[in-house]
Every structure is written in structure tokens, then in C-alpha cells.
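Here the protein sequences come in this chain order: X and Y.
First residue of the first sequence: 1, per our numbering; consecutive thereafter.
First residue of the second sequence: 1, per our numbering; consecutive thereafter.
A pair counts as met if it fits within one copy or between any two copies, since identical chains are not told apart.
Distance condition first, Cα-Cα at most 20 angstroms in a straight line; then the derived SDA-like pairs of lysine to any residue:
#1 Lys68 - Ser9
#2 Lys209 - Ala81
#3 Lys209 - Arg149
#4 Lys180 - Ile136
#5 Lys184 - Arg97
#6 Lys78 - Gly210
#7 Lys68 - Glu51
#8 Lys68 - Pro48
#9 Lys209 - Tyr170
#10 Lys184 - Asp106
Rather than coming from a laboratory, the hints here were simulated on the basis of the structure.
2 protein chains.
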Amino acid sequence: MSNTETASSNTLLAITQLRDLIFSGQLGAGTDHLEGELAERLGMSRTPVREALLRLECQGLVEVRRRKGVRITPFTPKDMAEVYDVLTELEGLAAARAAARNLSDDDLAPMVQAIADMEAAVAVCNRDDWAAADDIFHCELVRLGGNDRISMITQIMADQMRRARLVILYIRPAPMHSSKEHRKLVDAIRAGDADLAKQIQRQHRTVAKGLLLQLLERHHLSVL
Amino acid sequence: MSNTETASSNTLLAITQLRDLIFSGQLGAGTDHLEGELAERLGMSRTPVREALLRLECQGLVEVRRRKGVRITPFTPKDMAEVYDVLTELEGLAAARAAARNLSDDDLAPMVQAIADMEAAVAVCNRDDWAAADDIFHCELVRLGGNDRISMITQIMADQMRRARLVILYIRPAPMHSSKEHRKLVDAIRAGDADLAKQIQRQHRTVAKGLLLQLLERHHLSVL
DNA sequence: ACTGGTTCTAATGTATGCGTAAAATTCAAC
DNA sequence: GTTGAATTTTACGCATACATTAGAACCAGT
Numbered sequence: 001m002s003n004t005e006t007a008s009s010n011t012l013l014a015i016t017q018l019r020d021l022i023f024s025g026q027l028g029a030g031t032d033h034l035e036g037e038l039a040e041r042l043g044m045s046r047t048p049v050r051e052a053l054l055r056l057e058c059q060g061l062v063e064v065r066r067r068k069g070v071r072i073t074p075f076t077p078k079d080m081a082e083v084y085d086v087l088t089e090l091e092g093l094a095a096a097r098a099a100a101r102n103l104s105d106d107d108l109a110p111m112v113q114a115i116a117d118m119e120a121a122v123a124v125c126n127r128d129d130w131a132a133a134d135d136i137f138h139c140e141l142v143r144l145g146g147n148d149r150i151s152m153i154t155q156i157m158a159d160q161m162r163r164a165r166l167v168i169l170y171i172r173p174a175p176m177h178s179s180k181e182h183r184k185l186v187d188a189i190r191a192g193d194a195d196l197a198k199q200i201q202r203q204h205r206t207v208a209k210g211l212l213l214q215l216l217e218r219h220h221l222s223v224l
Numbered sequence: 001m002s003n004t005e006t007a008s009s010n011t012l013l014a015i016t017q018l019r020d021l022i023f024s025g026q027l028g029a030g031t032d033h034l035e036g037e038l039a040e041r042l043g044m045s046r047t048p049v050r051e052a053l054l055r056l057e058c059q060g061l062v063e064v065r066r067r068k069g070v071r072i073t074p075f076t077p078k079d080m081a082e083v084y085d086v087l088t089e090l091e092g093l094a095a096a097r098a099a100a101r102n103l104s105d106d107d108l109a110p111m112v113q114a115i116a117d118m119e120a121a122v123a124v125c126n127r128d129d130w131a132a133a134d135d136i137f138h139c140e141l142v143r144l145g146g147n148d149r150i151s152m153i154t155q156i157m158a159d160q161m162r163r164a165r166l167v168i169l170y171i172r173p174a175p176m177h178s179s180k181e182h183r184k185l186v187d188a189i190r191a192g193d194a195d196l197a198k199q200i201q202r203q204h205r206t207v208a209k210g211l212l213l214q215l216l217e218r219h220h221l222s223v224l
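Let's have the full structure, built from the sequences with the hints guiding it.
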């Protein structure tokens, strides 16, 4: 997940680097950090770091507190529930809209490919690759839904639970049958059955929510 | 809607002032502005203005473009459709969740009051007051839903369409029967009927979406 | 030792200046 | 007149310095 793109500006660079530090856990959940420290760590002045932090705050990844440095936003089971509830609604609508658009096989190709990648990853028990393909699948789904705001929101939600997801990825049971659901979703979209597509995606997220919350509780992961 | 709170920092002050300038149309949709100009206009240096603009960009109110100044984000009928679709889903869920919570009459009092205010405003044909009460009603609804992310998102959506709403407010038919729907929603929540509450709110937003898009088209308002 | 107020410190909030790169302009060649 | 390169302009990106203030440390009086 390391973001090695060359960012043309220091601010952009700071954003990607801070994101990596947060997602990798090097900046732990709930920990406080000074602008100056972060600036030195990234090898630039406070200004671009500050701007990066402001943007990350809008995305709910950090909290800038007046004269108290920034806190890496903790992620609790309640947050997980909130995120999944939002995803259930918005991805459900996106699925329905995608189905209503009479998409060609070419349009659906990326999703089909993502499913294949997930299955390949499951076959060799590579959970990171599975997660990456899953990301692409959901991203494509909302993109095909055609509502840019939904795409933006789901992207932010995905980022907010990235740390938690990383942990869960390795304590959850292997996602064996999820690709079967994914196929059914693509079929419903291809068939133009909006109601079915919505129902499948809602079900997918609702079940996942229950599973993940159960896992978090069982492992006493009250904050990530 | 003028925000006269004393902001302790210049950045906060810049945010509220820029918002007012945008919502009032003094910074017109699609127009470009230089950081320097805005800073001078607000009587402060570029730094806090820049930070304010970054925050407003996260909320979709402006777009900062490399060395081209900031553009006040235009709002088109497509945007309106997107916003209403998001609101339909998220407020629908919020309504259902609020209904599932066995709320007391005290909890519901703000919504009831808002309905009364809307009716009073309609009675004297004061559309601004009606809009303000309507804002409060929807804000309370999502708050009672208990999902902070939904509250945040709906707030941002409301801001994005604020300009458009202001125009529409005066060309739409008077909202005579909307308070009847609102009452039914509150009743459903009070009765704990989650499905009905969700259905009522979804219907409310769906109908409004159709009405507003029709109005925009009829008046050739393709950008606001 | 405890409490109240004062001083001090340090981190952020803000201003400012300079370097840079993109856009605009000019000018020359065709 | 048009095109394209060189030049100039200019607005932002970023570094830096200073002001402000929240919180810590400290001191004196009880």
C-alpha cells in the first residue's frame, strides 16, 4: 500500500507520506504529534505539513487541536458500525444505478477482473492481494453507479477503516464465498436488475458488518 | 444565515466569512479569485485565507487550482440530483435508526418545534424562516439517527446546495403540505416503526428531487 | 503541604518574503 | 496573418520569523 507516486508539490508529498505513516501504524491510533516533529520527519517545513494535516482532518484521519498538536483519530467498533451503515446505503444505491444503466461487458470488465484477482489471491492464501482486489471491486462498483459524491464518500470511509481492516484481514476467516456474491452482483447489474443488485450489495455489507463487529469484540479490539 | 460568531482565530473567521460570501452570491458560482485578493478583502494575510480555502475545498465549496486561483464550485442539476440521492439514502437510514431507539417526547421536541416553526412561517409566507426551520428539522432527524458520519455528510450536502436552495426557495410553490409529511415522520419515529419512518423520509426526498429538478429545468437554471 | 497567582515555556497561529513555475505577452521569422 | 520561441509577469508554494496563548512550572503566602 506504499504510495510511491512522485508528488509534484511538497504538500501532496506530505499527504501521501502521512497517510502511509498512519495506515502502517507508525503513527499509532490516538497518539499525539507536533507539527514540528512531523515536519522534521518528512524533511520539509511546517507549512506544507500543516496543509496536509488540514486535508487529512477533513477526511477524518487526524484531529487538529488548537495548540495541542494533532491526534491520529482512533477507530472504534462504533466507528466501524457507522462506516458500514453508510456503505450499505450508498453502495446499495450505486449498485442499483449501475444496473439501471445497461452497461456493456467492457464496462463490467474491471469488476470481473477484480473478482478473478480475489479468487486467485484466496487460492494462494494471499490476503493482501485479496484486499487490494476487493478495494478495486468496490471502487469500480460505485464508479459505475455514476454518482461522484458517493465515490468520494466511500473512498473516505474506506480510508478511515484502513487500519482496522488491516488487522481484521488476518484474524477473520478466509473470504471463500465472497466472490460468489460478487459474481451474483455483477450478473444482476449486467441483467439490469436494479432491485436485486441493490439487495445483494446491501446484504453483502450488512453481513460483513456483523461479522467484523463480532470479530473485534471477540479479540477485545476496542480501538484501532 | 450570516455567521456573526466571534471566531477566536483568523482562520475560523476566514471560513465563516468566505462561506457567507459564497452563500450570498457575492462570490459567484464559477468565478475565479486570487488568494491575495481574498486576503485583502478579509483584512488578513494569505496564510489563514489559504487554510480556510483548503477546508472549504474539502467540503466541495471551492476548488483550488495550481496557480490559477480558487474557483467557486458551480452547482448544476446533476449535482442537485447527486445530493438528493445521497440524502435519500442516508436520511432514510437515520429515520429508521431514530425510530428504533424508542425516543422520548423530549427527544422529539426539537423536531416538533421545527414543524411548528415551518407552519408558522408558511402561514405568513416567510420563506426564509421556513427554510431555516426545515434545516433544523433535517439536522435533528439525522442527529437522532445516531450516526455522526451521516450527520457530517448531510451537513456538507446541505451546504453544497445552499445557493441553489436559496434561488429555488422563491420560485417553488409554497411548501404547504410538507409539514404534514414531517408530522407523519415524527409519528412513525415515536411509534418505533423503522420501516415506515424510512419510507416516509425516502419518499419525501425523492419527490423533492423530482420537483426541484423540474423547476431548475423549467427556469433554465443550469448552473448556480 | 496546599493554594493562589505569577512567570515562563513552548507550540501553534499568522505574517512576510523569496523562489519557482505556469501563463501571458512580445517579438521575430515565415 | 500566423506560429512559435523567448521573455516577462505574476500568483502561488514554501520557508522562515514573529506574535500569541495555552499550559507547565514556579513561587510566595498561609
